[in-house]
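Asker: Read off the chains here:
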Amino acid sequence: MRHIISVLMENEAGALARVVGLFAQRGYNIESLNVAPTEDATLSRLTLVTKGEDKVIEQITKHLNKLIEVVKLVDLTEGEHIERELMMIKVRATGAQREEVKRTCDIFRGQIIDVTPTTYTIQVTGNEDKVNAFLDALSGATIMEVARTGVSGVARGDKSLSL
Amino acid sequence: MTQPASEPEMLSGGEMLIRSLKDQGVKYLYGYPGGAVLHIYDAIHKQSDVQHILVRHEQAATHMADAYARATGKAGVVLVTSGPGATNAITGIATAYMDSIPMVVITGQVMSHLIGGDAFQETDMMGLSRPVVKHNISVRDPKEIPNIVKKAFYIAESGRPGPVVIDVPKDMTMPNEKFPYEYPDRIKMRSYNPVKKGHSGQIRKAVSTLLQAKRPIIYTGGGVILGKASKELTHLAQQLNYPVTNTLMGLGAYPGTDRQFVGMLGMHGSYEANMTMHHADVILAIGARFDDRVTNNPAKFCPDATIIHIDIDPASISKIVTADIPIVGPVKPVLKEMLEQIDQAKIKVDEEALGLWWEQIDEWRQRHGGRYRTDDADRMKPQHVIETLCKVTRGDAYICSDVGQHQMFAAQYYQYNKPNRWINSGGLGTMGFGLPAAMGVQLNFPDADVVCVTGEGSIQMNIQELSTCKQYGLPVKILCLNNGYLGMVRQWQDMNYESRYSNSYMDSLPDFCALAESYGHVGIKIEHASELEAKLEEAMSIRDKAVFIDVLIDPDEHVYPMQVPGGAINDMFLSKTERT
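Chains as they are written, first to last, in the numbering used here: chain D, 49 to 211; chain R, 190 to 769.
Any given hint might turn out to be false.
Stated by the list, open to error - With a straight-line cut-off of 27 Å between C-alpha atoms, the simulated DSS-like cross-links for lysine-lysine are:
#: 1; chain 1: D; residue 1: Lys110; chain 2: R; residue 2: Lys263
#: 2; chain 1: R; residue 1: Lys417; chain 2: R; residue 2: Lys525
#: 3; chain 1: D; residue 1: Lys110; chain 2: R; residue 2: Lys525
#: 4; chain 1: R; residue 1: Lys420; chain 2: R; residue 2: Lys607
#: 5; chain 1: D; residue 1: Lys110; chain 2: D; residue 2: Lys120
#: 6; chain 1: R; residue 1: Lys607; chain 2: D; residue 2: Lys114
#: 7; chain 1: R; residue 1: Lys385; chain 2: D; residue 2: Lys103
Calculated directly from the structure, the hints in this document are not laboratory data.
Turn these sequences into a full structure, and let the hints steer you where they fit.
Answerer: Put into structure tokens, the structure is as follows:
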């Protein structure tokens, strides 16, 4: 159901728009998406999370492959893989809450990366489930802002998505 | 001082664009000038290798280029200005995209530094065209122009063909900025490598399944024509003695007069084609995409069939109907390999089963076989008009159709024995396609019989092109099946809306013959069936002028068969009173 698709594409203006446009035109859904250049500056790596039946996922990968600027792609969820997401969350931290938030953060091995007398900004990394669980655990606190990168991932072992 | 031969010529961006087209072998460029492309038009003026055809509306330019591509397999080329020029071209680009037609469309753009600032005649053509192109490219450096043009043609014509847009900001074409010109021989792209042949293992599986079939059918689409595999298809079908059906886009890929041809299939397919499909145990689908106008309800589609699907585009395979044996590859080499394997195969065709199958098919043919009402003889039947056209042109004309009932009649009742002769907007269903399409074909085949089959609705969507037709002396024949109604809309209103003709009546029609004559063409009106053949002969004999043939037909006629919505492929209305 849930698939993580990583795409290597030409680092050119408009390439991202083609990918996003494809999903919009054909009614596929995107749960999260991120994109950045790779060690080879002519290539970008885009990773997106999508949900759909096998038939839909098959069409998604076929259509992505048809885009002229897409060089290569992999559905990471087809094999063993590692996935990570980074979230920054700013919470109100006053009174008794201040200690409680800190404890929860420690349990999730989060880091407090910015502090004011009334707030904490916490950085948490992990797979999507862990990041979601941390958000749930903070439900008692006042969340001011959340910024998530979306999921990125690589295959385990020797396999790699490269030219 | 003379330049040494090795020194490349210095050209401006605009000049490079036109020179690249010349070096690509382009003869005609269809377009319309405007502010953003004036430097390019000046470059056109300074040479005579690439001839520009001035249309009256940019949509017509795209259809002319598109029809050239449909008739020859080579990309047609369009040049339009920014803003409204570009947006007017969109319908034609989408038309080509839906039918996988190779085309290169050059659109002007405002100066680079003005982009994004809502400048005069600015529109985001890259964004606008993205969903309806195979690819689009924006020129960012004039030096890149020859490479970009080569790349555009390569992408447009290879793999599954399609339109490519090149968006050219005006400052990329400045006449005083010269650059060394060199046109590349070939283009190599790491991100685009169209498949060259099919998977041999899959082909072997397909051949074995095909040879063991008891009730086979070969179902082929536009891919066989685009893939220039008509000869291989015919060879394969005749070697096996299997029935063949063509989609609307595939007509002509297999000879329409051959005994093994069971007609077009689908929404308005023949009774026998749809019946044969439904009862088949093996379907060999070649370059066809199981469009909804073919399958009807996919859940009820051909329940007993093992499906072999050959297509160059993997995304067309198992999109609507799951293929049991998919083969990704260009149809020509795949069919050649199939033929070789059939020759060497130990399994032979089951002649006994095949004999029974043909008996059954012939019985279906007897039952319906393309008949239509002829008892109300005072009214001219559109089917009869098309049959007569076929007779008069010996089935050898280029038929460029508009969209509507007349299109279906032209598909059903003209017998296409050659590929690339039936030219119509199948996927997008673009009214206004027919006349410019016919002009595009006639320009490139001056001696051929080219007929635009149209209706009084469609023709008015691009009727201004009668003027272009005059300017270039294109002797196209416009056969207008005039019933005073938007016939297909009216048919649906008859069948689904209790004949409430909401806006399907064409009031205030011009006198088409007089109109054509005012442009300097010939007008011929046909009001009675008795004069039909003689007047069509007369029209076809006029070689130096365009002829508008206005045929007054029965307004009550419907296109049959017609599939019952939500049904299987063989659930059909056969006439106003019969259904399967």
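Asker: The structure should be examined with respect to each hint, and the outcome stated for every one.
Answerer: Comparing the hints with the structure gives:
1. Pair hint D/Lys110 plus R/Lys263 holds up; C-alpha atoms about 26 Å apart against a cutoff of 27 Å.
2. Between R/Lys417 and R/Lys525, the direct Cα distance comes to roughly 12 Å. Compliance with the 27 Å bound is thereby established for this hinted pair.
3. Between D/Lys110 and R/Lys525 the CA atoms are separated by roughly 26 Å; this keeps the pair inside 27 Å, and the hint holds.
4. Pair hint R/Lys420 plus R/Lys607 holds up; C-alpha atoms about 10 Å apart against a cutoff of 27 Å.
5. Note on D/Lys110 and D/Lys120: the hinted pairing holds, with a Cα-Cα distance of about 11 Å set against a maximum of 27 Å.
6. Note on R/Lys607 and D/Lys114: the hinted pairing is violated, with a Cα-Cα distance of about 31 Å set against a maximum of 27 Å.
7. Taking the CA atoms of R/Lys385 and D/Lys103, the gap is about 25 Å. The hint holds against a cut of 27 Å.
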